[in-house]
Amino acid sequence: MSFDNPDQILVELSRLIVGYFADAPYLSFLVGVLLSSVPLIAIFPGCFAFTTWLERKGLARIQNRYGPNRVGPFGLFQPIADGIKMLMKEDIVPTRSDKWGHLLAPIFIMIPAMMGLAFLPLARNMTAVAIDSGLLFFFAIGSLATLAVFLAGWASRNKYSLLGGMRAVAQMVSYEMPLILSAVVVVMMVGSMNTSLIVEAQQYKPWVESDNPLFQCLGQIRGWFVFTPWGFAGFLIFFVASLAETNRSPFDIPEADSEIIAGHMTEYSGFKYALFFISEYVSAFAIIGIGVTLFLGGWNGPNIRPPWSDDPQAYLIPGFVWFFAKMFFLMCVMIWIRGTMPRLRVDQLMGFAWKFLLPLAFINIFVAGFYYYAPWYYGWPVSIGVLWTSYRFLSRVNQDKRIVRKRTYKFA
Amino acid sequence: MSGSGLLKGMVVTAKNFFGSYVSKERLTTVSYPEEKSTVSHFSRNVPFLVFDGDDADAGMRCTSCFQCEKACPPKCIIIEKAKDENGKPLKRPAEFKIDMSVCMGCQICVEVCPFESIWMDSEFELATTDRFDGLLFDLKKLLKSNEYFHEIHPQDAEASDERLRLLAEKKKATEAKKLARQKAAAEKKAAEAKEKKEEGAE
Amino acid sequence: MTIIFIILSITALTGAISAIFLKNLIYAVYSLLLLFVAIAGIFLMLMAEFLAVVQILVYLGAIGILVLFGVMMTRNISGASSERILSRGWFFGLVISVLMLFGVLIPGLAFSELSSSPAVETITPSVKEIGIQLMHLNTPALWLTAVLLTAALIGAVVVAVPRNYSSKLFLTYKLENKNKSSK
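Residue numbers (the working numbering), protein chains in the order written: chain Z, 1 to 412; chain L, 413 to 614; chain D, 615 to 797.
No wet-lab data here; the hints were simulated from the structure. One should not assume that every hint holds.
[Stated by the list, open to error] For lysine-lysine, the following PhoX-like pairs were computed, each having C-alpha atoms within a straight-line distance of at most 25 Å:
1. L:448 <-> Z:57
2. Z:57 <-> L:420
3. L:584 <-> Z:401
4. L:436 <-> Z:57
5. L:595 <-> Z:406
6. L:493 <-> L:482
7. L:427 <-> Z:57
8. D:637 <-> Z:99
9. D:742 <-> Z:159
10. L:584 <-> L:595
11. Z:355 <-> L:552
12. L:436 <-> L:420
[What the hints assert, rightly or not] Chain L is faced by these chain Z residues, among others (derived, beta-carbon under 8 Å):
13. 57
14. 61
15. 62
16. 64
17. 66
18. 72
19. 340
20. 341
21. 348
22. 352
23. 395
Computed from a predicted model, the values in this text were never measured in an experiment. Every residue gets a Cβ at the ideal spot worked out from N, C-alpha and C, and that includes glycine.
For reference, chain Z alone in the conformation it holds in the complex (with noise of 0.2 Å):
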């Protein structure tokens, strides 16, 4: 085993220890499955619980509060007392509840939560599902989730859970279509479902493989799909998709805890509670980790060749390192925008997917098809301009016409 390439060390690792159980097949498939799922169930919950603290303290921040700051150093140890509190809570069944479908709900929403991290490329050689259609596979699981949302709003026998559960069915579904839609741009580019091919083709080969380091650096970002009018598009179509897709606000209407008491999770305590939560942030984690791989260049990053080796393949800072910081700052973004947006009805939600998002990411197909084939100083001003005057088109016609008065307390 060599350590020439920092990049690759884990996969030297795990290779190294599936190797000492050659001699037994079976022992041997286990370990590398093992290997290659339990990291994945183990790290994703743990960046759960940061951003759990994250998300506090940001949103506080942004308040002008203080945000968790008395269980350990600026409160990091804050999960840990969250957690502890979830588990010791009571886990309250209603009586009148479906108690099979109370039961099965927060368990059938785990699982395509964590399936999903299975086709993330978090760097060469680390994608747990590495297969042929990983990201078909991916959105197809995603829209799993609806099911147990569906179930869990149902089972709890109470109106809100229900409407919730009815809510965030509409969405998902009616998201979904931009969210694929707009991921299909990079399909039709690279020729590929591989998740890790679509990384792969988002480095600059000629400056990659130079012997520049500056140039090796850029390389890395040059090739990135975001960069490319089409991408823009695609990435703003599928972050906004994203938004919805997690239920996360602007676009939490389906838990909304102003208006339905957040939903589908109203009757639920404990930890079958905590679980609809993990749920969620893995599920947001799985997605944008996937937006990351379309459109952000996946495990690519400013990265240099290390001094000791000439292989052109190896990198000095590891590329799961890059993968994580872009998940972060995704997220960090995600905080962001909740911490600044108001919620959306339902009709202004249904509106911008099918009259707003879905159209454009329709047009940014076609977009894509031109600047696939034409020369980049055909492709480029056509391609932005053909996006700009849609995007200016399509929000003149979803404008709201109504006349918009000053309001009048009659009886306040």
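Given chain Z's structure and the hints, the job is docking chains L and D onto it.
Just chains L and D, lined up with the frame of chain Z:
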């Protein structure tokens, strides 16, 4: 242009986010047990008893007139009148208790008190581990000096002192009048007696 | 492999049978979804990875939710215990379906040229193959399907929109608003 409003909003929140790290004035909250935000002079929570001078026992203003006990809507004031050795009631309470778990801070006791003795405190840290006896405040806990009163409610204390002064003056005046009247009556009596004597002598 | 197949087929059968016999409609829907999952697993076993994905995406993600929406419109979801599940002529139906199974389906499968083993050995090339098949050789079929679906979509919209949409709905809305403001 559509979408610019969203960006503007994002900029505002970003300003707040970074601003809260830079300038302390932005922060609306304080880290409570270590720091406390200042309490307004007009805040009131639960009643306390004022005493004059340094000695709480001597300077007690309360005369145990039972006005506050009678006026208290939730009946949380319990007064016991002090008596001397012969069983004669004195103008001071032997025990004065307020159940803080019952008190609703209505300030009616303050309004009825004729002796400027009971006033509202701005103390808010009443938490205790014993919710029965811990919240039943007795004289020792209730009595607070006039200086403290001046500190928490300067305007009220000023007015209260003024009224007390006027009251004292009035009392003095009435007493002087009474004295003068007594004197006059005594003189008259003496004169009458003299007259009688003179008549008797004749 | 056989063990996994047996587990998957037992799951599928359980799902299918309970979908028929459960009185609670939501339970029935979810056991139907269990059947779909098991079938997706069987597709995966046969190295038809793309088909498995499509099975999950279409049957669980789309049809499952559609059925759930349908169930939500139903009045008696949990099902009265007095209600019978089997129709009156269930015996004849059973006989006919058994006859169909043993008379048509199984002989048809047995005597056909279809191979019983997976068509490909590994998962990898399946997506590309399907793409080439769809986009090069069977393009007319794809187009026809697309046209059909578009027609169905437009038809659905036409059916959904009430005939005098603008005159009726908007007028009442405006009138209500006017009344409110005049008050």
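Taking the earlier hints as the rules, which of them does this structure contradict? 3, 5, 9, 11, 13, 18, 21, 22
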